[in-house]
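**Q** Residues per chain are reported as follows:
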Amino acid sequence: MFKKILFATTASPACDHAARVAFDMAGRYQSDLSVLHVLGVPSRGFGQYVTDVRTGEQLVPDEDYVAWVKEEMKTTYAEQLKQCPGCTMEAVAGIPHTEILRFARKTDADLLILGGHTKDRENEGYTYRNMAGSTLQSVARSARCPVLVVSRPAASFWGGFSNIVLGTDFSKAAEHAFRFALSAARQLDCRLHLFHALDISGMHAGKVLEQDEIEDRLRDSLNTMRRKYVSQMKDFKNYEIDAWEGVPYVEIVKYAREKFADLIVMAHHTGSRDAENSALGSTMEQVVLRATCPVISVNHADKVSQDA
Amino acid sequence: MPEGTLCNRKMVNEKEFLSALLADKQGKQYYAELNELDVDHKKLVDTLSKTLKSRTKTWLEICAHCGMCADSCFFYLANKKDPEQVPSYKIQSTLGRLVKAPHKADNAFMQYCMDTAWGKCTCCNRCGSYCPFGIDMGVMFSYLRGLLFSQGFVPWELKIGSGMHRIYQAQMDVTSEDWVETCEWMAEESEEEYPGLEIPIDKEGADIMYTVNAREPKHYPQDIAEAAMLFHIAGENWTVPSKGWEETSLAMFAGDWEACKMQVESVYAAMDRLKPKRMVVTECGHAYRATVIEGPYWAGLASGKTPVESLHYVEWVAEALRTGKLKIDPAKKIKEPVTYQDSCNYIRNAGLRDIPREIMSYIAEDFREMKPCKEHNFCCGGGGGMNGLGRYREQRNIGLKVKRDQILATGAKLVISPCHNCWDAIRDMEEVYRIGIRWSFLKPLLLDMVIVPEHLRAEE
Amino acid sequence: MYDFVTGPLLWLTFIIFVVGLLARLVVYIRGLDWKADRVTYRVNTSYGIKGALRSIVSWLIPYKTFGWRTNPVMTVLFFVMHVGLLVTPVFLKAHNYMLYDAFGFSLPTIPDGVADLLTIGVITAVAFILLRRLALPEVRILTDWKDIVLLAITAAPFVTGFLAYHEAGNYDFWIIAHILSGEIMLIAVPFTKLSHFLLFFLSRAQLGMDFGIKRGGMKGKGFAW
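Here the protein sequences come in this chain order: H, Y and P. Mapping the first sequence onto this note's numbering, position 37 (from 1) lands on 47, and the numbers just tick up by one. Mapping the second sequence onto this note's numbering, position 93 (from 1) lands on 265, and the numbers just tick up by one. Mapping the third sequence onto this note's numbering, position 171 (from 1) lands on 1460, and the numbers just tick up by one.
In isolation and in its complexed conformation, chain H is listed as follows:
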């Protein structure tokens, strides 16, 4: 299913679950696996210094240091490497999302795996977080290939697929996500659930919708799903469509739980450059944090086959 996997790791325990999934998938699909660790974030203007992401120390990453980091990575993943001897390790300094995307392009990855990120953000630095949004959001927005995010131990299971949930907001990106979800459902021979969450979170801002209007909109979204997606499914019949009102990420997580989803596929909406403010962006991030299964974000059509 995936030929070239790139696993971006902080090489710390927080990424252990993602690592398990990455190596497992590489073994299962006989993929070329690359492991990338962004070891330091640049600081001090034009200087060569980086802030080491693990120790917070300021240093210049010369060849020796990088080699040492790679050795450390090999030690950390020693067990997994036994199953996956062809896997390559790489360590670079730079802004995490930039280097991950750069490397993904270089290796022509068709799947990017990211691990838990909440705790490790401390060392990314106050300013970088403010400036670039989270690594996850930036990578998910720009990656040409699907991005698989494994955050919780409960979500670090890839296999035995029975149900895939697609969360859609009907955007162009969601269309790419749909094609990917459909392709995955065919390949993994499982049930595809198409779900739209009608956003009523504006209630807090005083924009209260009448229940009649809500139900009208729900009906409309079901029709849209039939029109946009079901029409493309041709002979694939193992699907369901649903729409509920609520706070999007809550509804998606609940729906996934109810349907015993083994995988959630969503799009990460492009929109504003200020990634933190992008509403759907934070939806994806929240889903990643709360789901009990892996979440894949698909934003571009590059690595999604057109004839799903």
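Certain hints may be false.
Chain Y is faced by these chain H residues, among others (derived, beta-carbon under 10 Å) [said to hold, decoys possible]: (1) Gln58; (2) Tyr59; (3) Asp62; (4) Gly66; (5) Leu69; (6) Val70; (7) Pro71; (8) Tyr75; (9) Ala77; (10) Gly104; (11) Thr108; (12) Glu109; (13) Arg112; (14) Arg115; (15) Lys182; (16) Val218.
These are computed hints drawn from the structure, not numbers from a lab. Predicted, not measured: the structure shown is a model, and the values here were computed from it. Even glycine gets a Cβ: it sits at the ideal position worked out from N, Cα and C.
Please arrange chains Y and P on chain H, whose structure you already have, making use of the hints.
**A** Chains Y and P alone, transformed into the frame defined by chain H:
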């Protein structure tokens, strides 16, 4: 020992030397060797006799010791009016003394000069504007840096920086291939949002040749994408050169005049090769000063001008807004209080003070000037290379206070800073002093506000 | 004695003054180097001249430049001293009588009362400048014995002249003292910082050309000193 393995009078022309310098953690060995470095008096006297002319000699001689330069210097103000920070004192106790008795200059004195030239001055030239005699101490410190560099007394990061320019013709180790690769990558990424967007490489006869700061391809490639998007929206016929694409100059901060010449010549060569109508420089102040203002002199061009007319990014933006190539959606103008950082190198020292005001009139509803502003504004605190020097980080952080107080006094929540160094300094200032402001280059702000013409929009 | 100091010594003084300043002018201008200074003096000369004039004239007007505005008290002292310094000797009645006697022409003169006022102005200004040199830390750190001596040399002709004119004490003593102190000052001009009499204009012109040609003057508006 007369010269060390890392700290010496040799130029960094080979990668091995550069790597050796980089590997020296925080310049520990370098600075240890610096303490033993001898002064080559013969060379010093010779250099002085060849380069010290009547302008500088007169400046040093006629200083009336009036002290009017004191309040003009942000280091003086930030250091609670420490008399040792008075610009005249700083230059007279270093260059003044050196010129009177060069044969007496010893290691300790040269280190004092180094610590003053790089740790107590950003060459912002503000003092020169406040001296009744027009004595430009910033220019003299730049000259002193040149003398010190030729003697091997230069901060570690700038020795590396000058090496970068000598070897890569860029301030970071980004090769031509890396650069072109990054441009291609950014064009690919932006194409979905802007169909038809291209980053043409080495196109001849274009209207605009765009050059950048090496940190853009290395760490902030989105900046290149943003520039491409804006040129695309404005319908510009533009290109980037594969060689001579970088126009910054750490060599200028280092006082390595030979490397300065090499660096600007690479850009001028690109101009000669591609024959664009004009060159536009990215949002970087010292790059403009180095390549457009001082550069022609390093390259020996008697016209004093670059081979092709050169614009700082703000000049292009103002022109695009003025001519309607870029149209702003009035609903998306900046509504919160916003202020503007006047970078020394293209405002005070290149006469572009009114351009930012013009831009602000198009994009901001509540624009607040800093006090003082325009050519009398203060240095961000990190110019002259200071942002990158570990040895003087503490001094730089103190210097940031003046800019901090200026920003606080405006009440602005956003600082627009179209200069890589100023942007860094303001970021660091926020990190150290946490006054709760945001800061930005022009490109991302413009992209949020600009109206994309119908025919360029992606179908949704 | 009187004949000597108003005769040969005075001639010598003026010769030294003029030749000395001419020499400094020539040396300065010949020492300008477009490559070293990084200003193309001979190219874009109209911008250069405009810049030079802006640079000089703005500083000759009290409170016109930001520099003057940030130092309001110093500005007063500066202008009071310099106006008195330049106007009094040139337009004083007594000096012009001597000029007429010697060469048959004289310049317009100012009333003695005005001269007195200007003189007191000069002396007071010098006194405050001296005080400033000792009281303000940013000036004290720069001040050396030469600065004090120059202040003394500058004040001396005015003090002695005032005393001589008002015939306080021994006239013969004060008049000789006055003439000698005046001659000392004039002779000092080419050799000390008093050379700023000329070099102020040259240095400001140079910086004005720098800003006029290279640092922005060609982009339309001149530097707002």
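**Q** Holds or violated: is there a CB of chain Y closer than 10 Å to the CB of aspartate 62/H?
**A** At 12 Å from the nearest chain Y Cβ, aspartate 62/H fails the 10 Å test, so the hint is violated.
**Q** Quick one, is the arginine 115/H hint okay against chain Y at 10 Å, beta carbons?
**A** OK, holds: arginine 115/H within 10 Å of chain Y, min 6 Å.
**Q** Quick check on the hint: arginine 112/H CB to chain Y CB, less than 10 Å?
**A** Where the cut-off is 10 Å and the nearest Cβ of chain Y is about 7 Å from arginine 112/H, the hint holds.
**Q** Regarding the hint that glutamate 109/H lies at the interface with chain Y, is the smallest CB-CB distance below 10 Å?
**A** With a minimum Cβ separation of about 9 Å from chain Y (threshold 10 Å), the hint on glutamate 109/H holds.
**Q** Hint validation: tyrosine 59/H versus chain Y, beta carbon distance must be below 10 Å. Holds or violated?
**A** Since chain Y brings a Cβ to about 7 Å from tyrosine 59/H, closer than 10 Å, the hint holds.
**Q** For the hint on valine 70/H, does the least C-beta distance to chain Y fall short of 10 Å?
**A** holds, 5 Å
**Q** With a cut-off of 10 Å, does the beta carbon of proline 71/H approach a beta carbon of chain Y closely enough for the hint to hold?
**A** holds, 9 Å
**Q** Hey, does the alanine 77/H contact hint survive, CB to chain Y under 10 Å?
**A** violated, 12 Å
**Q** May I ask you to test the interface hint for valine 218/H with respect to chain Y, counting a Cβ-Cβ separation under 10 Å as satisfied?
**A** With a minimum Cβ separation of about 25 Å from chain Y (threshold 10 Å), the hint on valine 218/H is violated.
**Q** Against chain Y, with CB atoms and a cut of 10 Å, does the hint on threonine 108/H hold up?
**A** Where the cut-off is 10 Å and the nearest Cβ of chain Y is about 6 Å from threonine 108/H, the hint holds.
**Q** Less than 10 Å between beta-carbons is the criterion; does glutamine 58/H satisfy it with respect to chain Y?
**A** Nearest chain Y Cβ about 6 Å off; hint holds.
**Q** Can the hint on glycine 104/H be confirmed by a CB-to-CB distance to chain Y that is less than 10 Å?
**A** Check passed: Cβ of glycine 104/H comes within 6 Å of chain Y, closer than 10 Å.
The structure is inconsistent with the numbered hints 3, 4, 9, 16, although it conforms to all the rest.
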